[in-house]
Amino acid sequence: MSLSPGIKLCGTHRINGTKLFGPVKMSIAAGGWSCILGSSGVGKSTILRLIAGLPTGGRFEGSITSSDGRPLANRISYMAQSDLLFPWLDVLGNVTLGAQLRGEAPDIEQAMSLIDQVGLQDHVAKKPATLSGGMRQRVALARTLMENRPVVLLDEPFSALDARNRADMQELSSKVLNGCTVLLVTHDPGEAARLGNQIFLMTDHALKPCSVPATPLIRDTGAPETLKCQAELLSALRSQVS
Amino acid sequence: MKRLGDVFLVIVVAVGIWQLVVWLSGVPPFILPAPLRVAETLFDSRELIFAHTLVTVSEVLIGLMLGSILGMATAIHLAGSKLARRLILPILVLSQAVPVFALAPILTLWLGYGLASKIVMTILIIYFPVTSAFHDGLSRVEPGALDLAHCMGATKRQILWRIRFPSALPALGSGLRLAFVYAPIGAIIGEWVGASQGLGYLMLLANGRAKIDLMFACLIVLAVLTVFLHFIINRSAQFLEKFTAGTIAFSIKPYGRKP
Chain L
1 MSLSPGIKLC GTHRINGTKL FGPVKMSIAA GGWSCILGSS GVGKSTILRL
51 IAGLPTGGRF EGSITSSDGR PLANRISYMA QSDLLFPWLD VLGNVTLGAQ
101 LRGEAPDIEQ AMSLIDQVGL QDHVAKKPAT LSGGMRQRVA LARTLMENRP
151 VVLLDEPFSA LDARNRADMQ ELSSKVLNGC TVLLVTHDPG EAARLGNQIF
201 LMTDHALKPC SVPATPLIRD TGAPETLKCQ AELLSALRSQ VS
Chain C
243 MKRLGDVFLV IVVAVGIWQL VVWLSGVPPF ILPAPLRVAE TLFDSRELIF
293 AHTLVTVSEV LIGLMLGSIL GMATAIHLAG SKLARRLILP ILVLSQAVPV
343 FALAPILTLW LGYGLASKIV MTILIIYFPV TSAFHDGLSR VEPGALDLAH
393 CMGATKRQIL WRIRFPSALP ALGSGLRLAF VYAPIGAIIG EWVGASQGLG
443 YLMLLANGRA KIDLMFACLI VLAVLTVFLH FIINRSAQFL EKFTAGTIAF
493 SIKPYGRKP
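For the protein sequence lines, the chains are L and C, in the order given. Residues 1 to 242 (the working numbering) are what the first sequence spells out, left to right. Residues 243 to 501 (the working numbering) are what the second sequence spells out, left to right.
Source of the hints: derived by calculation from the structure; they are not laboratory data. Even glycine gets a Cβ: it sits at the ideal position worked out from N, Cα and C. Any given hint could be a false lead.
Pulled a few chain C residues facing chain L out of the computed Cβ check, cut under 10 Å [what the hints assert, rightly or not]:
1. Asp389
2. Leu390
3. Arg404
4. Pro408
5. Ser409
6. Leu447
7. Gly450
8. Thr486
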């Protein structure tokens, strides 16, 4: 994997002339986990889509730059809330999807090693319909890793999972995405407190950095500093909503 | 086995009602022949009916094959090209304003009394449902899947063949289901307008000579043919649905995959 860059986003986003957010300034640190926390509809996913170069249905005035000055296109991997697995492909087919879509021959050995890493070695030839929600999300994680991109954008990828699977996936992702610049969009203060090297609280028009515990990732859910951070984030979130 | 029993029961009930109507109404055989009489005619004229059935089956199958290929090719072309959507889509919609049956005499005039005019008639009847259903399927792909493909640097061509095409197979199945039921109608209409062979021709001939039992025999053969076609396409469409849903063992292997 090439060296992971930091990302700077400055600007305002409008949909049909109405401001969704901005002007905002956000510096995402290189090689760490940054979380955007906010309630539904404030534009968290829009920021992620802007960085990914995906259509947002609006107009962004500003700039998105990387710390190494190189374009971000083709250096980003994306994982959404829905696993987006193709039901007609088996686990190996889904993990190697990127190469297939680019018309390249996939590296089967690497794919098998990643499938092994996410603990699905016994399910390589299974179709998504036969897998549980947690397993499907692990396939999506292996597919994201297979892209071998230095920047990984996660759009609430664990929100549809049950508590146990969510905690497992958070730990697994933190382990396997070590070294990547990760931007996680979430509405769960607990998740942000556990995973964020940086946490940004997104409110109606603004984006402000929050204080984070000094402990390394992935933080223990029961640790006093994690619980304190979670409580502060929840309180900040609630004060914005009300 | 239970389903086969149900089919048998339906046939017995239908024939029973038919026989009952003949008994109760007392209509003469040249208006409504009894089922037994039709069965006798079907057996006695089996060679004649079989020869004409072969012609109709040929028209239907060739028309179905060409119409389906043409419809699928048009839908893929529409999905892959903006220019094609701008040019072909309005023409396709406008073409539906002309009743296809009204074209039968013109087709016979242009293409003669042989197979060609019936095949073209069949193609015209099934082309729109296949094109429309498949194009609809190709256009309705989950936006998230397209976002993912965009981030992966997929080309439009690969998105079409590796995402849109497999996603659209159930919709293609729906279009083909309609096509397989419509196809015999196209061939028969073509034969009614002008032909020297085929079940439609034989029915008209029998009608003109007051051989209503022969006409009914042809009708039964035609119904059996349509039911058989429906059965075949239903199974095929179910296979396409299961393939897309990933509920069958068959799957597409990535390039260079070891067996």
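TODO: Provide an ascending list of the numbers of those earlier hints which the structure does not satisfy.
DONE: Of the numbered hints given earlier, those the structure breaks are 6, 7, listed in rising order.
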